[in-house]
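Participant: Spelled out, the chains give:
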Amino acid sequence: MANKTLRVDYIARVEGESSLELHIHNGKVGTVRLSIFEPPRFFEALLRGRGFDEVLDIVARICGICPIAYQMSGVHAIEDALGIQVEEPIRALRRLLYCGEWIQSHALHIVMLHAPDFLGYPDAITMARDHGEAVQRALALKKTGNDLLRLLGGREIHPINARIGGFYRIPSRTELASLAEALKHARDEAVETLRWTAGFPFPEFVRDYEFVALRHPDEYPMNAGRIVSSAGLDIAAADYETEFIERQVPYSTALHSVLKARGAYLVGPMARYALNRDRLPAEIRALADEVGLEPICRNPFRSILVRGVEVAYACDEALRLIAGYEPSSRPFVPPEPCASIGYACTEAPRGILYHCYRIDADGTILDASLVPPTAQNQDVIEEDLREVATAGLDLDEEVLKAQCEQSIRNHDPCISCAAHFLKLQMHRT
Amino acid sequence: MTGADRPSVLVVGVGNRDRGDDGFGPAVVRRLRGRAPSTVRILERSGDALALIEDWDGMPSVIVIDAMAPISEPGRVHRFDLTDSPLPIGFAPSSSHAFGVAETVELARSLGRLPQCLVAYLVEGEQFRIGAPLSSAIAEAVEDVADRIVSEILRKLKAKGKRLHA
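Taken in order, these protein sequences are the chains called A and B. Numbering-wise (our numbering), the first sequence opens with residue 15 and increments by one. Numbering-wise (our numbering), the second sequence opens with residue 5 and increments by one.
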């Protein structure tokens, strides 16, 4: 193949605005650039000078898809700084809130954004004419997730009920129980969705990622755990910046995060599942086995199956939490500001989300550092693209472009968060 | 509730009150509360547009009010019957990542989940700044659109009444 440039100016079906540029020189893939051109959003600077109790309302605005993740990493980091330990019912409600976000975010990506790639449709609207039942299931799952967010978070977009120390208002047992029937139905919809995706044609493609995720002694990780990796990393959130570094690249408004020692790494469902499959209940592991999902999945095109397993798990976990819920005697632990620094990492749908806040004695935020999952996955996405393009050099240009876009969507990038992305440019010279 | 007084018309104002002219839809439905007949269900929606499919489930007639980017004159109101055809190109924004009202309507059409009658009133906005009030031209259109919708609802209910008594 001659020298050429392939370009996708706006990558569709991802959260945010980005483009992709591939340079092919003498039949070899050269530069691969995933450019995020969303304007930089300066949230870390916006937080400086604000009160610690304003943080959750501000960081919830970073993302319309995963506001809970931002609120949860924020609340845990500030509580770490202030030395607050919440009661078990509050901890359970936070995990339940996260279940709602995983359900609605994963259901949206699996069916509306990713499935059209495998089935050869330009979008979910066209796909819905032939696969209406699958789309109806996704809408029902999304609604159930949103119902959880609305009850616990006050509203589904940019929720308002979480606060430092707990919640402004905690639900009654009756209110939570009212969601149980819908969650049981959602569990069935999740299993059907997983079985549907298991029949998709998956390219043979394997990558040797370093997986990074949280790991908890007992739980499939959401709100708590140490940061571990498939290469032996095992650290507390407080040591994140010792091991990881964010760097600027000239072609993107988003920072790229790498492991100081080893470079690119992968966060998200594939990493969580590879490092924590043993923390899933036996029924969920059996479901993964039934659809042929290997214990460690290294084919990013099969990440759609991992998301499906996680949706089913989130429904089960939500039902377990609702069944065992006993309301706390008080909705929140009153916070007392003090000069301190706090760290936290939680598992957003797309992977670990790191927050760090330095607070002064009156509770003013002096410094904030936020590292979203998509910033952490960008090097891996570019490496995936290089391999996909290398394997597909002889393909028709439009086919190769489509495969490259699908490769990016494998990781469900949230560009708005990362800029805090997609057009594909392929240059052949 | 009998069949005669079950809500048969849904009016949804779509938009964010805190984003300038995007608050047009919510402003119109606030104006309609107390004016529209009690058998009309009125909703304000600022979040996930896909939820509209659930909102209008089982509702024979739906009117959606939204703001749009300016294409000719801020404050100009466009009425579209979307029952049998999508929003014309130029009125349907395309987004790389979000499902807006236009995409939601077409998804519902693919799924066979459109109401029997779906009408959209769209106003051309001037600005969508965070925290800004409605621009004067857009604010002036609120009352006019509310009047047009009340008339449209009364015509629909009258036609329904004739069918019921026929």
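Derived by calculation from the structure, the hints in this document are not laboratory data. Don't take each hint at face value.
What the hints assert, rightly or not - Derived SDA-like pairs (lysine to any residue); straight-line CA-CA distance at most 25 Å:
(1) A/42 x A/264
(2) A/198 x B/75
(3) A/198 x B/22
(4) A/42 x B/46
(5) A/198 x B/162
(6) A/198 x B/148
(7) B/162 x B/61
(8) A/198 x B/58
(9) A/274 x B/58
Participant: Now, for every hint given, state plainly whether the structure supports it.
Facilitator: Structure-based check of all given hints:
| no. | hint | result |
| --- | --- | --- |
| 1 | A/42 x A/264 | holds, 23 Å |
| 2 | A/198 x B/75 | violated, 47 Å |
| 3 | A/198 x B/22 | violated, 37 Å |
| 4 | A/42 x B/46 | violated, 60 Å |
| 5 | A/198 x B/162 | violated, 43 Å |
| 6 | A/198 x B/148 | violated, 46 Å |
| 7 | B/162 x B/61 | holds, 22 Å |
| 8 | A/198 x B/58 | holds, 19 Å |
| 9 | A/274 x B/58 | violated, 48 Å |
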